Amino acid sequence: MTSIVKPRIVHHGLSRNRLGLTIRDYEGGMSTLCAGCGHDSVTAAIIQALFELAVPPHRVAKMSGIGCSSKTPAYFLGASHSFNAVHGRMPSIATGAAAANRELYLLGVSGDGDSLSIGLGQFAHAVRRNIDMLYIIENNGVYGLTKGQFSASADIGTAAKRGEVNEQPPIDPVQLTMALGGTFVARSFSGDKDQLVPLIKAGMRHEGFAMIDVLSPCVTFNDHEASTKSYQYTREHSHEVMHTDFVPPMPGIRVAYEEGEVVPITMHDGSRLLLRKVSDDYDPHSRGAAIEYIRTHQRKGEIVTGLLFVDESEPDMHGINSTTGMPLNELGFRSLCPGKRRLASLQRRYR
Amino acid sequence: MPNHAKSRINDFVIKLANVNGTGSASANTLLMKAIFRMGIPVTGKNFFPSNIQGLPTWYEIRVSRNGYLARSGSVDIMVAMNQQTYSQDLDEVSPGGTLIYDSTWPRESVISRPDIAIVGIPLARMCNERFKSARVRILMKNMAYVGALAALVDIELKVIEKLVREMFASKKALIESNMEAIALGYDYANEHFACPLPTRLKRLNKTAGHIMIDGNTAAALGCVYAGATVGAWYPITPSTSLMDAFRAFCEEYRKDANTGERNFCVVQAEDELAAIGIVLGAAWNGARAFTPTSGPGLSLMSEFIGFAYFAEVPAVLFDVQRVGPSTGMPTRTQQGDILAAAYASHGDTRHVVLFPGDPRECFELSVAAFDLADRLQTPVIVLSDLDIGMNDWMCREFEWDPAYRPDRGKVLNPKTVARLRGRFHRYVDPDGDGIAPRTIPGGHPKGSYFVRGSGHNRYGEYTEDSNEYVEVVDRLKRKWATAAKLVPEPAIRRTRKPASWGIVSVGSCNSAVNEAIDRLAAKGIHVNYCRIRAFPFSSKVTRFLDRHDYVFVVEQNRDAQLKSLLMVETTYPADRMHSILSYGGLPMDYRCVVEAIEETYLEGVAA
Numbered sequence: 100m101t102s103i104v105k106p107r108i109v110h111h112g113l114s115r116n117r118l119g120l121t122i123r124d125y126e127g128g129m130s131t132l133c134a135g136c137g138h139d140s141v142t143a144a145i146i147q148a149l150f151e152l153a154v155p156p157h158r159v160a161k162m163s164g165i166g167c168s169s170k171t172p173a174y175f176l177g178a179s180h181s182f183n184a185v186h187g188r189m190p191s192i193a194t195g196a197a198a199a200n201r202e203l204y205l206l207g208v209s210g211d212g213d214s215l216s217i218g219l220g221q222f223a224h225a226v227r228r229n230i231d232m233l234y235i236i237e238n239n240g241v242y243g244l245t246k247g248q249f250s251a252s253a254d255i256g257t258a259a260k261r262g263e264v265n266e267q268p269p270i271d272p273v274q275l276t277m278a279l280g281g282t283f284v285a286r287s288f289s290g291d292k293d294q295l296v297p298l299i300k301a302g303m304r305h306e307g308f309a310m311i312d313v314l315s316p317c318v319t320f321n322d323h324e325a326s327t328k329s330y331q332y333t334r335e336h337s338h339e340v341m342h343t344d345f346v347p348p349m350p351g352i353r354v355a356y357e358e359g360e361v362v363p364i365t366m367h368d369g370s371r372l373l374l375r376k377v378s379d380d381y382d383p384h385s386r387g388a389a390i391e392y393i394r395t396h397q398r399k400g401e402i403v404t405g406l407l408f409v410d411e412s413e414p415d416m417h418g419i420n421s422t423t424g425m426p427l428n429e430l431g432f433r434s435l436c437p438g439k440r441r442l443a444s445l446q447r448r449y450r
Numbered sequence: 207m208p209n210h211a212k213s214r215i216n217d218f219v220i221k222l223a224n225v226n227g228t229g230s231a232s233a234n235t236l237l238m239k240a241i242f243r244m245g246i247p248v249t250g251k252n253f254f255p256s257n258i259q260g261l262p263t264w265y266e267i268r269v270s271r272n273g274y275l276a277r278s279g280s281v282d283i284m285v286a287m288n289q290q291t292y293s294q295d296l297d298e299v300s301p302g303g304t305l306i307y308d309s310t311w312p313r314e315s316v317i318s319r320p321d322i323a324i325v326g327i328p329l330a331r332m333c334n335e336r337f338k339s340a341r342v343r344i345l346m347k348n349m350a351y352v353g354a355l356a357a358l359v360d361i362e363l364k365v366i367e368k369l370v371r372e373m374f375a376s377k378k379a380l381i382e383s384n385m386e387a388i389a390l391g392y393d394y395a396n397e398h399f400a401c402p403l404p405t406r407l408k409r410l411n412k413t414a415g416h417i418m419i420d421g422n423t424a425a426a427l428g429c430v431y432a433g434a435t436v437g438a439w440y441p442i443t444p445s446t447s448l449m450d451a452f453r454a455f456c457e458e459y460r461k462d463a464n465t466g467e468r469n470f471c472v473v474q475a476e477d478e479l480a481a482i483g484i485v486l487g488a489a490w491n492g493a494r495a496f497t498p499t500s501g502p503g504l505s506l507m508s509e510f511i512g513f514a515y516f517a518e519v520p521a522v523l524f525d526v527q528r529v530g531p532s533t534g535m536p537t538r539t540q541q542g543d544i545l546a547a548a549y550a551s552h553g554d555t556r557h558v559v560l561f562p563g564d565p566r567e568c569f570e571l572s573v574a575a576f577d578l579a580d581r582l583q584t585p586v587i588v589l590s591d592l593d594i595g596m597n598d599w600m601c602r603e604f605e606w607d608p609a610y611r612p613d614r615g616k617v618l619n620p621k622t623v624a625r626l627r628g629r630f631h632r633y634v635d636p637d638g639d640g641i642a643p644r645t646i647p648g649g650h651p652k653g654s655y656f657v658r659g660s661g662h663n664r665y666g667e668y669t670e671d672s673n674e675y676v677e678v679v680d681r682l683k684r685k686w687a688t689a690a691k692l693v694p695e696p697a698i699r700r701t702r703k704p705a706s707w708g709i710v711s712v713g714s715c716n717s718a719v720n721e722a723i724d725r726l727a728a729k730g731i732h733v734n735y736c737r738i739r740a741f742p743f744s745s746k747v748t749r750f751l752d753r754h755d756y757v758f759v760v761e762q763n764r765d766a767q768l769k770s771l772l773m774v775e776t777t778y779p780a781d782r783m784h785s786i787l788s789y790g791g792l793p794m795d796y797r798c799v800v801e802a803i804e805e806t807y808l809e810g811v812a813a
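Top to bottom, those sequences are chains F and A.
Residues 100 to 450 in my numbering are what the first sequence lists, from first letter to last.
Residues 207 to 813 in my numbering are what the second sequence lists, from first letter to last.
Take the hints with a grain of salt, since some may be wrong.
Chain A is nowhere near these chain F residues, computed Cβ spacing over 10 Å in every case [claimed, not checked]:
| hint | residue |
| --- | --- |
| 1 | 130 |
| 2 | 160 |
| 3 | 199 |
| 4 | 258 |
| 5 | 306 |
| 6 | 369 |
| 7 | 370 |
Here chain A is said to cover these stretches of chain F; the calculated rule only asks that three of the stretch's residues, wherever they fall, bring their Cβ under 8 Å from a Cβ of chain A [unchecked claim]:
| hint | segment |
| --- | --- |
| 8 | 174 to 186 |
| 9 | 413 to 421 |
| 10 | 428 to 434 |
Hints in this document: simulated from the structure, not taken from any laboratory.
Keep in mind the model is a prediction, meaning the values are calculated, not measured.
All residues carry an ideal CB built from backbone N, CA and C; glycine is no exception.
Isolated chain A (complex conformation):
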């Protein structure tokens, strides 16, 4: 084997090219987790098709001693397990890299590149000789490449074995066979190649206090911790696993062990129009209710979202964004629903939107979403995306404050209603913050009111009177100003050097932006960074903009939707905002941020 590889300890990318439906996902997760348990920061991105079996799928593992979690654009080790994509996978390997393939069927003529090392391992042959059933042979081939990689990049076998034991805790018979398959690959690599490669791992201590979790699971956990009792959804990729996780957690923590009774109710709706209706019906009745969806579902929910804005019914929505429009590329990521979420529905409506930047924030902001929805009596949309929602991210362990109590907002309990002098009026604003106290149906005879989407006056009565309508929508505008004071503040990162340039971004762009800032600093280009975490924009966002001469708006859609929102909602001049856009459906690569800013910098220097 020619040794082209540069020495890259704990800083490289392994990409695995597989066929979907062959069981590669568990092998790839195993690899990533083993690296994580060796104390080395790692991240995994799954690029999968909208298909059950037979189409190409890739898994990209980035190992980064510096803790960078974004895509880097390079592939140092390619595990090419899919003949359909050999040539594409071969092309993607960075110079000096390594390609591993199944040499049961030698492909020297097809797979050759002078600047990389080709490692052939007869994975299928070894598994066919060792295992009997056809299905097991296919599955074990995956474990065999895990073993080969363990030898090639020096993953600790005892870590792998422990993970295998945990994975198959309920199916002990499988532990031995999986370990055998791992040994096949491990031994073959050790016998035939100089192991480990210069590109390899070395135990660190940088993952303590961290977990590897996906954002949908984290958001579901947030719903459980926030005390949500009603969930309604229509299955849609990439949000489905959120409700799956919610149900699983509830089965664990919300079910009476003796009676089997559940203190939650999940309804699989007939469509998204019904899902949001169920949420509104439950929230009107005082339960914390939510619905996970994605762009197409958000479109279907739009009429009811506007209704809830005007009738002032709390609701929590999770839009795990995918590529659109229409069915688009359902298994690819994007931030294409920013405007659709902010202004969903007809008429004068606008909505609170939260932008989690990683799974930990999915957990925290889902709790915040319920508090805000209750406090502001309005829909709150948590805008996640497929990258955060479905990929495992390394993040700090979640914490819980035992003193937390839900902020149910201005809800008059039956006793308070009973003591009211005069009648209860639903839409009267006693405190000047635009928020009118509400009651819960069934509580007290004096607390009854009529929820209407159609024109209503401050008393909740039907009206077609212009002045009465205007009075209500103007109060809703005051409530919007209150919202801007209550929503989560942006995360601001300042450089140590004076900087007149800033970056503004949201959500899953965060890792790419953070890495880009470091790399730009190394080149002498210093920028500050404001990661917006909520709409409406708080005063801190506008202050950040105003303090910078020039702002790069980094986002993952074609039409610069965040920039558009900033143009509409702030007074910052549009000609001082420069868009950096990534919208191909793959998680953002930090290099596009570096290149765009560097180019602008050099233009400035040249001028």
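Next up, chain F with everything else stripped away, as it sits in the complex:
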């Protein structure tokens, strides 16, 4: 069996983006995930966001590890480059890709098993290096492909399909990323496309490591009554504290907003994020306060969503390294090889 190619039908009425591409140009193969899987909604949000951003598909490299979520890059951006790495090791592939070509858009899709267990070390260090990429964790609290074991993000007290109750505390990717110095931290829900699409756009434009933890229920193994990662539970217990609108750079156009209600953030490429506070007591610029707010609500069983922390001032890996502006993979050999004469002169120190 090979992968399933999606029939490509372009209706005449489909809208086109700045590049003249339709949303079809941002799609990929047919999903082979279970019907109703939250991950397919995330895939749809990615397609929508990248279409609206008008990113040339071939300038995007999508990467993943192993797991249900890591299969999804096959279902979007069929015209992009893709790298399906070994389990938990996508962050290192992304780091190398970023090192070689700082102009490529990097989009990583991972899961809670891939990022919070086997790949926790690599995930942490990608955050720490502030790799310029968007990193989406499709978080469902279980291992799907191996049939329903708890993952490290499973909440205390949540039950598996067969009744086993999880007793170990969860690793929350949002709090973890904030504690590690992450510069763009968001949480969303696969069932809330209105929230997710602008977050993906903002994350793509963020210069540095952007992490979006997307609660994405597993319909087969973790969507029952006793689960805290089910559609119903997530709908009932999540609440948005910070709504984000994404405004691409448009010279001459002013976006009207009322002072006090909306916090504008200008990004490196001139895009703007308009953060609208849904909760008055939330501050997305204070790392400490944000973590405390999320923890307090977590204890009450509430899931806080939205763009929870953002800092546009920190340098990414290349900023820290003072790497030259041109992508390293485009540097000519002459600029890299010191040459015959230098080899002769440098060897004097070894005599």
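Based on the hints, put chain A in the right spot on chain F.
Just chain A, lined up with the frame of chain F:
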């Protein structure tokens, strides 16, 4: 002082027994370099502990007018600076040799042997009287024994002084004090003993056109010259100095003097799993990328190495081997990763392995490794070892061909992709050599493809179909056959006499084997020699085997890994291969090769 010593001009071994962390390394390097600058072939081997301060450490300098660089097993002059190891050091001195020790604390009862000369020099007392600070006194004691040796074996003082001036070029104040310490030892020896000893140096002209360099520095230089831009590593002895050197060279040659911008990116990874991932991510994107490591790191990288084999991503790895398994003896040398490198990972995977025999080959083969990795789109492992990587070897100066251009292999540039009729398919083999053209991400919309370690068909699409999988892995086998034609040929040394016996070896065994061949020839035993420089084995290797009735396989591990590889990968009969193994962690001594071959020869004569 009794004179037991035989006259041995330019042919002897000085061994220095020190305590690590006392600054002896720079004094010992100074000694070796001074001998080198007197035009006399010399080599230095450092036997050091996995420790920062306080444990025993030895440095062995072999002076050889014939240019032999291997260990000889004898110690003609022992400089015993470590009381912890006095008795061991005393035992090691060859009959007729000399032991020098610090007689500030006389040890006549402990240090005595009728068949050697004992030379006591009050190094600590002289330095304590002359220098104030405790740390300086310790450091200067080393320079004082350099001075004593200069008198005893006749090292030219002006050569030493020039070296001291170079060493402390940035700290001029230290030149005078170091020269004073040298003079203390020099004068004392001259006043108290008949200098020079019969075992001594005499200026030659045999080091012109040569340098003294370690293999890690040489390999790093190769990476710079090959145009590598991304390096990732996790620090591990004995490979760490490779990345240190790469960074230092890049700071010198790859940094914009005005803006400070770097045209390289070195990432210190969180572990070796990440280091190889970073290399693959960069190489997938068309940068030349590498990672230096050692055995334990290679083990951790194994999953990704197999992935890269199957997904066909170029990568250059340097495995500077040390004793294993596990943490083993991290500061001792071995060739214990031959099989681990050749067959790293799970499933049907095999990898190109290069075996440099000295630092010069570390330079040359690291450039070759990048070309092969790009050409074959696969990981290439340069299998060096601690002896080559961390010791200074005398070798011919490196050369560079200005016409060299990197062989990037079959990479379709965006313009070529644009002109393609139909779609681009990643794993289609148009030329029959098993190599499928690749594209670089970001180049052209038509060039996109999906890199997967999981089952893929020739188009790069996901598959679980047996026939499609088999088609891909069979093509990889064809690519392996291509690799055997592209890898560096073995170095073959033939005797002038007809010989039905051969030696096959790799890497740092080279100096021991070469010396053994000369010494065996002097005894009337003639053998040919094939030093394998790459896996897969080229046809020249199999031809060498087939032309000999009997082959000695010389290597530095317990389990005869090279021999095993030859048994699996060639049709040469196993019962005609005889292993000569050295695996104690010290660089190979030529005598084990001589003894094993001579014994077999005598058995044959007796039969």
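Consistency of the no-contact label for residue 130(F), given chain A and a CB cut of 10 Å:
The claim holds: residue 130(F) sits with its nearest Cβ about 13 Å from chain A, beyond 10 Å.
At 10 Å, judged by beta carbons, does residue 306(F) keep clear of chain A as stated?
holds, 17 Å
Residue 160(F) and chain A, when compared Cβ to Cβ, separated by more than 10 Å:
The claim is violated: residue 160(F) sits with its nearest Cβ about 5 Å from chain A, within 10 Å.
Could you let me know if the closest chain A CB is still more than 10 Å away from the CB of residue 199(F)?
Incorrect as stated: the minimum Cβ-Cβ distance to chain A is 4 Å, not above 10 Å.
Mind checking, does the segment 413 to 421 of chain F have 3 or more residues with a CB under 8 Å from chain A?
Satisfied; 4 residues make the cut.
10 Å cut-off, C-beta based - residue 258(F) kept clear of every residue in chain A:
Given a closest Cβ separation of 32 Å, the condition holds.
Would the least Cβ to Cβ distance between residue 370(F) and chain A come out above 10 Å?
Non-interface label stands for residue 370(F): nearest chain A Cβ at 21 Å, farther than 10 Å.
With a Cβ-Cβ cutoff of 8 Å, does the segment 174 to 186 of chain F contain at least three residues near chain A?
holds (count 9)
Between the segment 428 to 434 of chain F and chain A, see if three or more residues pass the 8 Å beta-carbon test, and mark the coverage as holds or violated.
Answer holds; 4 residues pass the 8 Å Cβ test.
Could you let me know if the closest chain A CB is still more than 10 Å away from the CB of residue 369(F)?
It holds; residue 369(F) is separated from chain A by about 22 Å at its closest Cβ, greater than 10 Å.
Violated hints for the displayed structure, listed by number in ascending order: 2 and 3.
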